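Chemist: One letter stands for each residue in the lines below.
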Amino acid sequence: MKTTMTVNGQASTLDLDPRTTLLDALREHLNLKGSKKGCDHGQCGACTVLVNGVRINSCLSLAVMHDGDAVTTIEGLGVVGALHPLQEAFLKQDAFQCGYCTPGQICSAAGMLKELADNWPSQETADLTAAIVATDAEIRERMSGNICRCSAYPQILAAIRDVVGAVA
Amino acid sequence: MRPFTYERATDAASAVKAVSDNPNARFLAGGTNLLDLMKLEIEHPTHLVDVGRLPLAAIEETADGGLRIGAMATNSLVAADPRVRARYPVLAQAIIHGGSPQLRNKATVGGNLMQRTRCAYFYDTTKPCNKRQPGAGCSALEGLNRNAAILGASEHCIATNPSDMSVALTALGAGVEAMTATGAVRALTVADLHLAPGDTPHIETALSAGELITAVTLPPAPTGGQVYRKARDRASYAGGLAMVAVAGGQIALGGVAYKPWRALKAEAALAAGQTPAAAAEAELADARDSGRNAFKIALTTRLTVAAIAQAQGGKS
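Chains A and B, in that order, are what the protein sequence lines are.
Read in this note's numbering, the first sequence has 461 at position 82, and its numbers run on one by one without any break.
Read in this note's numbering, the second sequence has 253 at position 224, and its numbers run on one by one without any break.
Fair warning: there could be bad hints in the mix.
Derived Cβ-Cβ restraints for the label pairs, each shown as a range [to be verified]:
1. B/Thr304 x A/Gly457: 56 to 62 Å
2. A/Asn431 x B/Tyr152: 30 to 36 Å
3. A/Gln389 x B/Thr154: 52 to 58 Å
4. A/Arg540 x B/Val214: 45 to 51 Å
5. A/Thr385 x B/Ala216: 39 to 45 Å
6. B/Leu293 x A/Gly388: 54 to 60 Å
7. A/Lys381 x B/Arg31: 42 to 48 Å
Note that these hints are calculated values from the structure, not bench results.
Quick caveat: nothing in here was measured; it's all calculated off a predicted structure.
Every residue, glycine too, gets a C-beta built ideally from N, C-alpha and C.
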C-alpha cells in the first residue's frame, strides 16, 4: 500500500504491507535506526517520534495511518555540528549510559517542551486553570512514558532542566 | 500480526457501512489498544477502517450549557481544553492519570471508551478466557486475580474496565452519541455503554456491529467539588487498582467492575445526610472478592471516603 510521509523534511513514498508499524517503516524501510524498538507495545517509549510536532509511540501506529504526515525522528532533530539544544544538554549532563533509550527520551522531551509551552496539564499540575510551572515533579511526570534501563533519570532531568531553564 | 486490508474512511456513514457489512472489520482510531492486541493476536480483524481523521474531533458548547466532545478528539486535547479544565476538572484529572503522554496524544475519546480489559488471562492466549473464546472458561477465577472485579462480576468473567476517563464521564452523567448502520445517530449514556458479563462476557458493549461512537456529551457540571483519585502500584503510568471520581453529589468508581461504576447507593446515602464513610460502605456492601483482590474492597472504600471528603472541601 502506497504511503507518502515527510520524514525529517524529506518526502518519501513507500509501498508497505499495512501491518508495517511507523517504527518499522522508519527503521527498516527508510534506514533511520535512531528510533528504537524496546518493548514494541507502547510501554517503554524508546520508539517515540514527533508526528506533526506531537510525540507518539511509533510502535503503536501503522505507517499507513500517517499518509501525508510530517514525522521527525532523532536524526531530524539535530545533526553533528548543529545539535538540538536537548542533544547538547544530554551530552553535557551525561544523561545516558547505554544510550538505547536516548533517541526516544530526546524526542519525547522535545514534544514535552511544546506541551509545556501550550500549557497542557499533567497529573502533577495542582491548578488546572493557572499557567504551568515546570517544576522537577512536572518534568518527571511528563517523561514517565520513557523508561531508562540504566536509570539515568537524575541526569535526564538535569539535561531537560538545562533547556527548560530554572524555575523561579 | 495477521494480514489485513486497510482503508481510510472519508465520512462516518461510509465507515459505518464498511464495518457493518463485514463481521471481520474493525474501526481504527488512535490504534494504541487495538494494534497492541493485534500484535498479540488477541484481536485479528481482516479489515481495518481508519476513522481517525474523520472530522469528529471538535469540542463544542451545547445549547444546555454542556460540552460535546467529538469521538476523535485525542485524550490530550480534551484534558488540555480550557473549558474542560475550568468546568469539568474531574475529567481532565482522570485523563492525565491514564497512560503516558505519548499514548494520550494518539488515543481518542471514542477509543478510550472501547478499550479492552487488561486482565492477564485475556492477554495470555495460551490460557482459557471466556472473553477471547466464549465457553473456554475463566482462568482468573482461581488465578492471578489481584486486579479483578469486586462488583458486577459473574462466574464467567471477573475482568475490569481499565479506563480512567470513563470513570469521570460516568460521575458527570455523560452521554454517548453513536451512528448506527442506517446512518442515524442515537444517544445512550456512558453508564449504560458496557454490558454486564453474565454468561456472555465476549459481548462488551451495547453498540451493535459497525456502530460508531461519534461524540461524548457532557451535561452542565453538577454543583459542588470535583475530585479524581487513583490508587495504583506506582506513581505514574500504571493502570489503577481503584479509582474514584466525584462531581458534586455524583460518584463513580473505576477498576472495580466491567464498567465505570456509578455509585448510586453512595450518592443516595450522601443525599440522605450520611457520612462519606457510611456512603462508601453502602456502595461496597455488595462487593465480592475472588481471593487475591480482597484488598480492593477496603482500598476502594477508603479511597471513596477520601475522595468524597476532598470534594466536600475537607482534608483528603
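Chemist: All hints, please: hold or fail.
Modeler: Results of checking the hints against the structure:
no.: 1; hint: B/Thr304 x A/Gly457: 56 to 62 Å; verdict: holds, 58 Å
no.: 2; hint: A/Asn431 x B/Tyr152: 30 to 36 Å; verdict: holds, 31 Å
no.: 3; hint: A/Gln389 x B/Thr154: 52 to 58 Å; verdict: violated, 40 Å
no.: 4; hint: A/Arg540 x B/Val214: 45 to 51 Å; verdict: holds, 49 Å
no.: 5; hint: A/Thr385 x B/Ala216: 39 to 45 Å; verdict: holds, 40 Å
no.: 6; hint: B/Leu293 x A/Gly388: 54 to 60 Å; verdict: holds, 56 Å
no.: 7; hint: A/Lys381 x B/Arg31: 42 to 48 Å; verdict: violated, 22 Å
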